[in-house]
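For chain A, the structure is supplied; the task is to place chain B on it using the hints.
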Amino acid sequence: MKTLRFTGCSFVVLAGLLMGCVNVDVTKTGKGSFAPTRPDDIQVLMTVPPKADYTELATISTAGWSTSETAKMHNALRTKSAPMGAHAVILTSTGIHPATGLFSSPTMWANGVAIRFNNPPAPGAN
Amino acid sequence: MRNSVSSAITDHSTHRTLLTARLVLLFTAATILTGCATDEAYRYYATETYPAKDAREVELLSEPPSRPHEVIADFQARGASASYMRKRAAEIGADAVIVVTLGGYRSPHEKWASDDSHSTSYTRITATAIRYKEGP
Numbered sequence: 001m002k003t004l005r006f007t008g009c010s011f012v013v014l015a016g017l018l019m020g021c022v023n024v025d026v027t028k029t030g031k032g033s034f035a036p037t038r039p040d041d042i043q044v045l046m047t048v049p050p051k052a053d054y055t056e057l058a059t060i061s062t063a064g065w066s067t068s069e070t071a072k073m074h075n076a077l078r079t080k081s082a083p084m085g086a087h088a089v090i091l092t093s094t095g096i097h098p099a100t101g102l103f104s105s106p107t108m109w110a111n112g113v114a115i116r117f118n119n120p121p122a123p124g125a126n
Numbered sequence: 001m002r003n004s005v006s007s008a009i010t011d012h013s014t015h016r017t018l019l020t021a022r023l024v025l026l027f028t029a030a031t032i033l034t035g036c037a038t039d040e041a042y043r044y045y046a047t048e049t050y051p052a053k054d055a056r057e058v059e060l061l062s063e064p065p066s067r068p069h070e071v072i073a074d075f076q077a078r079g080a081s082a083s084y085m086r087k088r089a090a091e092i093g094a095d096a097v098i099v100v101t102l103g104g105y106r107s108p109h110e111k112w113a114s115d116d117s118h119s120t121s122y123t124r125i126t127a128t129a130i131r132y133k134e135g136p
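Residue numbers (the working numbering), protein chains in the order written: chain A, 1 to 126; chain B, 1 to 136.
What the hints contain is simulated information worked out from the structure, not anything from laboratory work. Cβ atoms here follow ideal geometry from the backbone N, Cα and C, with glycine treated the same way. Among these hints, one or two may not hold up.
Far from chain A by the CB rule (all over 12 angstroms, computed), these chain B residues [what the hints assert, rightly or not]:
| id | residue |
| --- | --- |
| 1 | 37 |
| 2 | 43 |
| 3 | 47 |
| 4 | 50 |
| 5 | 51 |
| 6 | 53 |
| 7 | 55 |
| 8 | 64 |
| 9 | 81 |
| 10 | 93 |
| 11 | 95 |
| 12 | 106 |
| 13 | 115 |
| 14 | 134 |
30 angstroms max Cα-Cα, derived DSSO-like pairs, lysine-lysine [stated by the list, open to error]:
| id | chain 1 | residue 1 | chain 2 | residue 2 |
| --- | --- | --- | --- | --- |
| 15 | A | 31 | A | 72 |
| 16 | B | 87 | B | 53 |
| 17 | B | 111 | A | 72 |
| 18 | B | 133 | A | 31 |
| 19 | B | 133 | B | 87 |
| 20 | B | 53 | B | 111 |
| 21 | B | 87 | A | 31 |
| 22 | A | 31 | A | 51 |
| 23 | B | 53 | A | 31 |
The following block holds chain A by itself, in its conformation from the complex (with noise of 0.2 angstroms):
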């Protein structure tokens, strides 16, 4: 039995480095839908002004991405968080999962929120 849970695991593993993508996961805390929004707009917030008028829309988090790639992992965020309307993301927490064998490396993590601001911003502006 823990052979064939080790094979199933070694497969998934597999099939993700053949396939070379990240996961990113998403889950709605916020009420009803919005339209999209372009990723290209979307902040990635480490803080938020404290006037700051918005909406929490979603829970959103990444793993798996090489330490060196911290502004693919952000874009990442982005792309992810624009078909739920999400204006910016605020990153609650990052972090480095340390390598776990021999020929394995060091992977990043983010964890986030997705939020709609309130009065937003005219498109374009500063």
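The following block gives chain B in isolation, referenced to the frame of chain A:
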């Protein structure tokens, strides 16, 4: 005596293996029959309830309509389809359902935020059941 004990242990072991195999088969069949939907979580906002309708009468939308409407419920699940969500919306008498797929694979090779070669993959499907408001 030793032989009969050994035989009993072997029988017991075979029985357990068969039982496990049956349980796995049952679980697999149940998963297929239920459409593999997991982590289903629904929220109902309306103060009143509405009669169920045929799923074919429920509009399937990808974003909120411009027509005035009220959000009556939110559904989300993993491994479910748009038609599955439409049926859930029909059960609570929705006029339309806005279905959005979220999450999924992302290629580390993509440079542009707006590019997503895995846009059809998703980890979760969400649906917002709405009812149109009468009058102007």
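For this session: Test the statement that residue 93 (chain B) is away from the interface with chain A: the closest C-beta pair must be farther apart than 12 angstroms.
Result: holds (17 angstroms)
Exercise. Looking at residue 95 (chain B) again, its CB stays over 12 angstroms from all of chain A?
Worked result: holds (14 angstroms)
Exercise. Are the Cα positions of residue 133 (chain B) and residue 87 (chain B) separated by 30 angstroms at most?
Worked result: holds (21 angstroms)
Exercise. Does residue 133 (chain B) pair with residue 31 (chain A) here, judged by a C-alpha cut-off of 30 angstroms?
Worked result: holds (18 angstroms)
Problem set entry | Status of the stated non-contact between residue 43 (chain B) and chain A (beta carbon gap over 12 angstroms) | Non-interface label on residue 43 (chain B) violated, nearest chain A Cβ at 7 angstroms vs cutoff 12 angstroms.
Problem set entry | residue 47 (chain B) remote from chain A - nearest C-beta pair above 12 angstroms | holds (15 angstroms)
Exercise. Given the proposed pairing of residue 31 (chain A) with residue 51 (chain A), does the C-alpha separation stay at or below 30 angstroms?
Worked result: holds (22 angstroms)
Problem set entry | Proposed proximity, residue 72 (chain A) with residue 31 (chain A) (alpha carbon, max 30 angstroms) | holds (29 angstroms)
Problem set entry | Given pair status - residue 31 (chain A), residue 53 (chain B), alpha carbons within 30 angstroms | Within the cut-off at roughly 23 angstroms; holds.
Exercise. Are all beta-carbon distances from residue 64 (chain B) to chain A longer than 12 angstroms?
Worked result: violated (5 angstroms)
Exercise. Closest CB-CB distance from residue 55 (chain B) to chain A, is it above 12 angstroms?
Worked result: holds (19 angstroms)
Exercise. Are all C-beta atoms of chain A more than 12 angstroms from that of residue 53 (chain B)?
Worked result: holds (20 angstroms)
Comparing the model with each numbered hint stated earlier shows that hints 2, 8, 12, 13, 20 do not hold.
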